[in-house]
Amino acid sequence: MTTPLNTLIIGGGLSGLTCGIALAKTGRRVAIVSSSTSSLQLNGGAMELLGSVDGKEVTHPLEAIVSLPPEHPYQKVGVDRCGTLAVEAKQLLADTGIYTTGTVEQNHWRITPLGVTKPAWLSLRGMATSDAPDRLPWKHVTLLNLQGFVDFPIQFVAHNLSQLGCEVTVRDIFVESLCQPRRNASEMRAANLARTLGTGSKLRQLAEAINQSTTNNEVVLLPAIAGLEDDYPVTLLRRLVNAPLHFLATMPPSVPGTRMAMMLRHYFKMLGGTYLAGDTACRAEVAENHITGIYTAKTPDKAQIAKHYVLATGSLMSLGLVATAEGITEPLFELDVDAPIEREQWSHYGLLGDQPFMHFGVRTDATLHGIKDGKSIDNLHVIGSILAGHNPLTMSDSTGVDLLTALAVAHEIIEK
Amino acid sequence: MAKDETYDIIVIGGGVTGAGVARDCALRGLRVLLLEQGDYNHGASGRNHGLMHSGARYAVTDPESARECVEENAILRRIASHCIEPTDGLFVTLSEDDLSYQQTFVKACHASGIKTEVLSPSLALLLEPSLNPQVQGAVRVPDASIDPFSLTLANIVDARLHGAVTLTHHTVTDLLVNNGRVEGVRAINCRTGESQEYHAPVTINAAGIWGASIVRHAGIDIQMFPAKGTMLIYSKRVNQMVLNRCRKPSNADILVPDGAVSVMGTTSDHIALDTIDALRVTDAEVRLLISEGERMVPSLSSTRLLRAFAGVRPLIASDNDPEGRSISRGIVCLDHASRDGMEGLITITGGKLITYRKMAELATDLACSKLGVEVGCTTATTPLPGSENGKSARTNYIASRKNTAANRHGSRSRQIPAEDTSDRTFVCECEHVSVGEVKYAIDQLHAIDLVDLLRRTRMGMGMCQGKNCSCRIANLMARLTGDTAQAQQDLNTLLDERWKGLKPIAWGQILRDTQLTVAIYQGLCGLDKAIAGRKEGQP
Ligand SMILES: Cc1cc2nc3c(=O)[nH]c(=O)nc-3n(C[C@H](O)[C@H](O)[C@H](O)COP(=O)(O)OP(=O)(O)OC[C@H]3O[C@@H](n4cnc5c(N)ncnc54)[C@H](O)[C@@H]3O)c2cc1C
Ligand SMILES: Cc1cc2nc3c(=O)[nH]c(=O)nc-3n(C[C@H](O)[C@H](O)[C@H](O)COP(=O)(O)OP(=O)(O)OC[C@H]3O[C@@H](n4cnc5c(N)ncnc54)[C@H](O)[C@@H]3O)c2cc1C
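Protein chains in written order, with the working numbering: chain W, 1 to 416; chain E, 417 to 955.
It should be emphasised that the hints constitute simulated quantities derived from the structure, not laboratory data.
Using 30 Å as the maximum straight-line C-alpha spacing, the simulated BS3-like pairs for lysine-lysine come out as follows:
#, chain 1, residue 1, chain 2, residue 2
1, E, K945, W, K139
2, E, K916, W, K56
3, W, K90, W, K269
4, W, K90, E, K945
5, W, K90, W, K307
Given these sequences and hints, build the entire structure.
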């Protein structure tokens, strides 16, 4: 621990890890502090750049980006840089071992755990996708589920896929060693199934069960329950199954999302990065708009000192932002937050839609420096979903904002 | 179903009163039809405090109500033991309360025949350690905790076992008036939009606060006094006994333990009659309940809130009382023949949850005399389904530490399918609801949609407030009913319904969890898109 840290990243979700990898690749000493699992476990195996503007789905994201309002994070990154950063992000994922289909020029459509289509920029290899919102690339699909697995709402998937003009045959498959319906549904969660499945005999039994229950199929769709640590089980299963096999996202914890998180973490460490898992940054020393040190829960007496700091702690659900009865705060640096003061204005009735709390975030200057009491902190950048200026759910731009702001900030730091 | 249907009695309203009337009529051999606009317990019966009054609360200010409570309390312990947890209650005097009121209170209880026991502060704290240690005194009374949902359902189940027809999601839109008589009703099926007439010589209006609009169809006026009450549910049971403030009944002075949770209430505000279908919990009400609750039980300040909800008391206005607190909570049974010259119509309202049986008896007696039927009432001695063996008192929560199907359905839980492992699989982990219990709720308790299911089983009512289980249960519902498009729509309705009770208290962990829920259902799943597609006219 002699060479001082170049960058300390707080938060090990998609944006923190991406920024860490980009920096570690250039040989800089980087550490990431991360308290718990990130929101990647909600990711169904797809990245989105910009999927929707004013309630209309977007086909060409780079064209639509130009019209985004000035407070949107893409405007801070620079709309003319988004294209190159996006290409760089896809390459970074591939370097990590996360192979994706899709291009920045034109969106494709991912298939959600309910079986509806949503615009996407990149999809993990093996996931079922379509090149249009209102049709599927197949005439007849065979939809499989594992008996007792309740986190794949197969009735809805079958219904919504057939709405897309495709004939759907539903089959329950039974694999003795996997399907022991338990009293406790949490034991039959997707991530647990993937762990049990592994790469050995159980995976082969699953392939056999699939082959037995289906013959002469145009395509077989299976909930994404294979490949927790890397995508070898995915590749293997696709080789063992006689028909073309694609995967569909499940309810969380999602296997493809968890896999991405694991692979990014692994790659970051391989590049020499320090990953402090299960530790929380709980206090910061700030002097005249300059951070001089961070204290974590596990080492409360010793300051972690770095040249640059990056805040990537996510939104409310990851505790990057905290809502108390009195107000919305960013707990670590007490940065300025964009959120109404009146509690009754934080949300509205009718759960789905454009909820005010989805817009909450930290204010940043034009180069994504965090702002405290109206002034920029010169060695703190803010990236990912803690940023204010957009609703990631109505715009379908969350992973894009994570990746692009992470890379933009990594470049800033490298150039300094 | 035939175009014109004839019964002896039509009951309007599927709250506890309507359910009780339907049961009483059916037990006396009458052909009865019950019509409910929403699901059972859609009104006050599903939005109250769940307190089985000993009568003590009304002893000083409303002795008539107190006496009604004393009698019915004793009866319900016999006939509805599976709905009741005999917790007893304390009336506590805090440092800011006047200790001399205790004597007035104890005297009044005696006059109404309510057993009391005056406790020293230290004994009170020993019995109920959650109490504010500065308590000046406490009086023990036989209050209890009662589950209104099981109570109404048990009445419905028994009415149906005795031949009653009960239709939920059917709104009465008109009374059929002919020559100064009400001869039946017109009702619309809210699911299909079909309207139909139903005939009977006697119609009983048990529509609670909506009752005034019912009788208006026959040109009759009754003055309702809508008093809104708001309650907060804490996610943990902090108190073991019902806690009341020992003072003149006022706002935010009762904490009721209910299974695994504690319910704090209530406020009381007169509201306009045209707002009763769009109740909103306000920030001011939430703040008041929190601060008063923490006075009585300090540990509430570190207990997570689960939900907020509001109901409207169906009281009949008699004098000009702006708060509606001194209006009698006594039973009102109106024979519109003698009151308004309109034959064939009875209104039964006022009262309380726990006096429903008495109310049903009064209304049914009157109906029988109109029909010339001479069969006596047996509901005071006939146990409700689920409580047949008398001893099946709700497992004391402290002993079981969890919600179980047996607690929800009493002895009838034996009918829940559990042969194969898939029926035994839990779909709701917080409240231990199995696939079999969902099937039972659909087949035996005729749950039609997901919100109905929630009321029958408590699924989605625990800590996760439906975040984890809604989708599973919607999918199961689609499989069991075969109507996937509807189940998908219902999933959205269910999420909105759960959110309604969270929004007023959405900060801290609740707002955090809500963001997660929205991220799952809107972001990951695209539920908004799935249901929008259908609205645009796809099949
Ligand atoms: C805040 C609050 C706290 C309370 N706490 C307690 C307590 O702790 N203990 C206690 O004993 N009592 C309590 N009460 C009182 C108790 O809840 C009510 O007295 C009781 O539930 C009334 O039952 P009901 O069936 O008469 O009315 P409701 O339950 O309101 O039933 C009326 C029904 O009629 C239906 N309806 C209306 N119009 C139509 C139509 N046109 N067609 C078809 N159906 C229609 C409604 O949907 C509704 O379901 C409380 C009440 C409130 C509001
Ligand atoms: C005594 C009591 C205890 C409660 N305990 C809980 C609890 O532990 N967790 C929780 O999430 N909510 C609980 N509730 C509140 C409930 O979920 C609704 O918020 C409340 O009944 C009012 O409904 P609403 O206006 O919010 O929504 P609405 O749109 O009216 O629909 C919600 C419906 O849920 C039903 N419901 C409420 N409580 C129960 C219950 N205990 N069993 C079966 N069905 C029920 C009601 O019929 C209600 O109409 C409780 C309510 C009461 C009266």
